[in-house]
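Please build the complete structure, drawing on both the sequences and the hints.
Protein chains: 2
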Amino acid sequence: MGTSTPGGIPADVLPAELLGAMAYGELSAFGRLSADSRFAPTLRDRATFAKIAVGAFGNYALISGRLTEMGRDPEDAMLRFQPSFDHFHERTPPGDWYESVLKAYIIDTVSSDFYRTVSAFLDAGTQQFVRKVASADQATEALRILLMRALRDDPRLASRLALWGRRLVGEALTQVQRVALEHPDLRAVLHDGQAKAEVRRLTAELADHHGRRMTGLGLAA
Amino acid sequence: MGTSTPGGIPADVLPAELLGAMAYGELSAFGRLSADSRFAPTLRDRATFAKIAVGAFGNYALISGRLTEMGRDPEDAMLRFQPSFDHFHERTPPGDWYESVLKAYIIDTVSSDFYRTVSAFLDAGTQQFVRKVASADQATEALRILLMRALRDDPRLASRLALWGRRLVGEALTQVQRVALEHPDLRAVLHDGQAKAEVRRLTAELADHHGRRMTGLGLAA
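Note that the protein sequences, when read in sequence, are chains A and B.
For the first sequence, position 47 matches number 47 in the UniProt record's numbering, and the numbering has no gaps at all.
For the second sequence, position 210 matches number 210 in the UniProt record's numbering, and the numbering has no gaps at all.
Simulated from the structure, these hints should not be mistaken for lab results.
Worth double-checking, as some hints may not be accurate.
Here are some, though not all, of the chain A residues that point toward chain B, as calculated from beta-carbon distances under 8 Å [claimed, not checked]:
{"id": "1", "residue": "30"}
{"id": "2", "residue": "31"}
{"id": "3", "residue": "42"}
{"id": "4", "residue": "53"}
{"id": "5", "residue": "54"}
{"id": "6", "residue": "57"}
{"id": "7", "residue": "72"}
{"id": "8", "residue": "75"}
{"id": "9", "residue": "78"}
{"id": "10", "residue": "79"}
Derived coverage of chain B by chain A (criterion: at least 3 residues anywhere in the stretch with Cβ under 8 Å from a Cβ of chain A; other residues may be distant) [as the list claims (entries may be wrong)]:
{"id": "11", "segment": "21-35"}
{"id": "12", "segment": "54-63"}
{"id": "13", "segment": "74-83"}
{"id": "14", "segment": "111-122"}
By construction, the Cβ of each residue, glycine as well, lies at the ideal position given by its N, Cα and C atoms.
Dropping the structure here:
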């Protein structure tokens, strides 16, 4: 490669870091979504959720393939991110089907925002790849429809889900901060000295976009 | 249509019954496999198992599409088979990764045998479709390799897995008998009066094929 990033680290280290995080994120989303599909009130909803899980696995396979092409071992690239993702899931077990759907929607949208923002720091090829994976997702719309339908059928859900949404995004952003600050390469690209301020700015932006989506659903963010 | 089966019922009832059972079998296999992928000792094994789950979902989607083409509602076609499959899974929770792998292998192979045998009673189109779905499966070989590797790495596994295999096939065949005898249309195609004898013959055949596969793995069936 020969080029280097603002932080002075080789240009292929950061893409591998980001892709490792994304790959594990998708593999763990697959596990979570498919396990939660059991809560679905009908077989039709169960199949819809299963299909979204299958889409997450498809993303995992794409990202894992890209890591292999780059000469990286996908398992190695994922392992360092496993604790943060697993910790997030352990701390946020959905209580029922509706909480599962909102969790899936929030993971899907917040992580797409995160990947798009961080990929802006990377080479054009990686940036394009990340944008393709993040937007190939038809999951977002399917989940939004499930949520809208649930809220229309039972308006009392809104206050419980609004609370759950706040809890989830709080936990998610805590993990994003942890990942960004604990990994030296990601920390470096975030201008090191100002890393904390940069991460604060990034999480504020993610929270802002999330807030607008929740308001769009009629949930107080 | 217009044709009828040996039992005198319309030729399109039985295919829908069989396809309904297959569709729910694949959807529930998806749920089971993806949930069990969490037990995997490495992320690589987890991804292998996840991929097999994704294959089961692909089969579900194919079968569900065929039911829709036939003018049947896939959810309706599946619902009557849900209790038997769910009951089987509730009675056989795997204790660890190796038990999950053997369970997946046994479900995959015994159900392929079952579908192939039963489809022989049906019209040529359905027969061809069922054979295609049952053999499109690359899962069988992937599971066999996981099992062979596990047994090579830890020969003490053999006796525990042999016991587990006997337990699983016993439960599976009990459910097959229940499904075949409780559903009037399936019962009819099995020549009604001799239904019990036919089902006994069918389960003996399934048990025999299963036994040979277990012996091939070095497990006493």
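How the hints compare with the structure:
1. 30: Given a least distance of 6 Å, the restraint on residue 30 of chain A holds.
2. 31: It holds, given that the least Cβ distance between residue 31 of chain A and chain B is near 6 Å, below 8 Å.
3. 42: This interface hint holds because 7 Å falls under the 8 Å limit.
4. 53: 7 Å, holds
5. 54: Holds. Min distance 5 Å.
6. 57: 5 Å, holds
7. 72: 13 Å, violated
8. 75: 5 Å, holds
9. 78: 6 Å, holds
10. 79: Holds, because the Cβ-Cβ distance from residue 79 of chain A to chain B comes to roughly 7 Å (cut-off 8 Å).
11. 21-35: Contact hint for the segment 21-35 of chain B vs chain A: holds, 6 residues under 8 Å.
12. 54-63: holds (count 5)
13. 74-83: holds (count 5)
14. 111-122: violated (count 0)
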